[in-house]
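Based on the hints, put chains B and C in the right spot on chain A.
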Amino acid sequence: MIEVAGLRKEFRTRRGRVVGVAGVDFEVAAGEFVGYAGPNGAGKSTTVKMMSGILVPSAGTINVDGLVPWRERRRLARRMGVVFGQRSQLWWDLPVRQSFELVGHLYGVPRAELAVRLARLAELLDLGPLLDEPVRALSLGQRMRAELAAAVLPRPQVLFLDEPTIGLDVEAKAAVRDFLRELNRAEGTTVILTTHDLDDITQLCSRLMIIDHGRLIYDGTVDRLRDAYGTTRVLVVDLVDDVRVELEGAATVRAEGHRRWLQFARDELSAAELIARVLDRHEVVDLTLVEPDIEDIVRRIYRGEAAPASG
Amino acid sequence: MASAVRPGAGLPAGPGPRPGPAGRVARARAGAAVYRRLAAATLRGRVRHPAGFVLRTLGTGLVVVTEIVGVVLVVEGFGSLAGWTAPEVVLLVGLGAAGQGLGLLFGDRLEPAFFSEVVRKGSFDQVLTRPTSPLGWMVASYVEVRFLGRVAVGAGAVVWAADRAGVDWTLPRLLVAVMAVVCCGALVFAISVLGGALTFYTVEGSEVVNIFTYGGVSLSCYPMEIYGPGLRAVFLWVVPFALAVYVPALVLLGRAGPPGLPAALAWVTPAATALFAGLAAAGWRAGIRHYVGAGS
Amino acid sequence: MAPDGTVWDTARFVRAYLALLSAGFRRQATYRLALVSGLLTNLFFGLVRTALFYALYRERPEAAVGGLDLADALTYVWMVQAMFGLVWASWIWEFPEAVRSGDFVVELTRPGDPWLRQLAYELGRTFNQMLLRSTVPLLGAAALLPLALPTTPAGVLLVAVSMVLASVVAFEVRFLFGTVAFWSSDYRAVFNIGFPVLWLLSGFVIPIDYFPAALRALAEGSPLYAMLMAPVHVAVGQSVPASLARQVAWVVALGVASRVTLSLACRRLVVHGG
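Protein chains in written order, with this note's numbering: chain A, -4 to 306; chain B, 45 to 340; chain C, 968 to 1241.
Calculated directly from the structure, the hints in this document are not laboratory data.
Just so you know, even glycine gets a beta-carbon here, dropped at the ideal spot from N, CA and C.
Please note that the accuracy of each hint is not assured.
To be verified - Rough simulated footprint, nothing fancy, chain B against chain C, three-plus residues with beta-carbon under 8 Å: (1) 994 to 1008; (2) 1011 to 1022; (3) 1058 to 1064; (4) 1147 to 1156; (5) 1159 to 1167.
Just chain A, with the same shape it has in the complex (with noise of 0.2 Å):
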């Protein structure tokens, strides 16, 4: 479904020229859910922006269905869907209502198809009480919703998301990411998801690639990844008395004045019974609960501590 070899997009700024994406190569397999993460900066905007054709590279190839996207964008966008995070597709002052009525008249989607599939959509993502609100008036998670809900209309066979859950309560979240999994294990539809929340990757993705500095240094399933890296935690904790703190389990990695961070394999040891451990044997004064997240694990690649292969 889509071929992207040598991709590279320099930008040129005021502070010269600057390197968005570097040397990118992978392919996506129609059906596939695929998760594109890496820290803020990293390029996963701009790769999207080059596969669905609103931005040229400045060398390399991309081949989406069939089609060079910047070259045939009109083409290509009547198969594709793409939601910006912080973007809108629909329009501002009018009913979610008739937003979903102007887009499936934009993708020739017949009425009776159009009734359809909005119902479905409707139900799918409890869009029902919002459709006579203007957009305006809709939450972020609402709106959110109802961007999936606009872009997945005319069925298309490949959808690109950008960050799409920034900014979004628990609940909002998981809301979406119950209606991706369900469109992609019902319709087959090839998912392209760039985040950096890690949530989101362990949660929808099959295949995950990561993305720093405009290099791929990660592709590969989820589960290899959390086997080589999110299994391990760590407890940040302020202790009353400037001791040392030796537990079963938990290996303290920085300490600064009375905090300590202990870290621990999730599988082997819970937080409960960490926090427990701590609490028996030292005053604590307070804690927090550190997840490991994408520049951790960034981190930790470059620091060599697994292959950033292909998986």
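What follows is chains B and C alone, placed relative to chain A:
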């Protein structure tokens, strides 16, 4: 994280003003200092992009130029307008434009389109939490320097027109001209404040004030004789633009003026303007009370 | 807009843009209070200008300065009020602002023609304005004042057609100004300088018939003529076929110019990134 603000920078140091009458004066002085700094910061921001700033300022001046061109072409084409020659009419235009520029310099951002956004986004709540008058804060934060173009061209038009119309610039006449510009500016500003106050009640409905900020001045561009008694009454008794532009022009030109609008009314102008401004201030306070009382 | 591999579906093509037209119309209809204050504004400025021309013609009743008599001048005044909301539309900043903020890029991910979509949407909004805000002041003035409006159905139709053509030209002029936002985020400064000139040359300050010969020639040769003075001339019955012809010519010329500009802008956007 090191603080980005140097201690001692910005507001005057030392203990705050005390409560009570003596404290009120000190408070006002402290408030004025705040406004000065705020306005200075706003101005610095504006001037940072000089090209845009220059274009915008020229733009407001250019609008007045086009109005004057229009007036001259029309009145000269007919010879005169209700007994007024073209330069005499341009004098009216100039006084009105200079005054309007002065008023909009401070009041433009209180217009419903912009101010309603400030209120809607909740930024106005922040303004209310500050230890200064919210109006002062709004004005100081949004000084629209580009209207200086309008003031400058208006003043220039007054000078040009006065020369053509043979105005004898005695000191009293000069004072009257300045008073006219200041009072017209005060009226425009006061209407802007009322418009802002109305925004607390209804956003869309408050657009009507534009009829007065722009319409009132447009109307003043022509001698009052041409208008029917209804319009004359409104702009004499309700929003006294006639007193701020037309009557002073009568004084400058040495005209007596029609019955009901004699040149002697110029003595009333400052008082009438102050009265209107007072009403506008009361309206503003009422608007704020409504806003705060109703919760947001 | 031919779908892949199938014959060009004219019906669907037309329906899509009609849907946008209708959406624009309905959107504008939600601004009820703005309509009222717009009408009041029209009324006020119309009254002031009417008083002006009455006063001017009182001095010289038989005058036909610039070829216009009192009835023509009054017609001009109220046609300006009718055209005001169609030319200097309240949504004038939406397009350049969408470009500046980057929201416009979404249009590039859609199939179809972004320019036509914008035209359809804005025309829908314009028709809504025309329905009430243009006709009410004009008809009200016609009832109370000696205007020189046509009385035959054909004449009225021509005026309506001319107003529609003027609205399309106005859209194209606004669009061209809006494309400045592709190159400079401070597009307002350009507008601030350009508007006074447009304002005068298009005849919003005084009828161009009062201009000295050279200036009048400039104004009549410019696309601005098609935006305001053309419908005025059609209304008072002066050089009707020439005015309409000029309007059609500018609709085409500015249409091409604005589409080409958009295409260039998009190419730049797509190569350099938003």
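Status of the hints after comparison with the structure:
no.	hint	in the structure
1	994 to 1008	holds (count 9)
2	1011 to 1022	holds (count 8)
3	1058 to 1064	violated (count 0)
4	1147 to 1156	holds (count 3)
5	1159 to 1167	holds (count 7)
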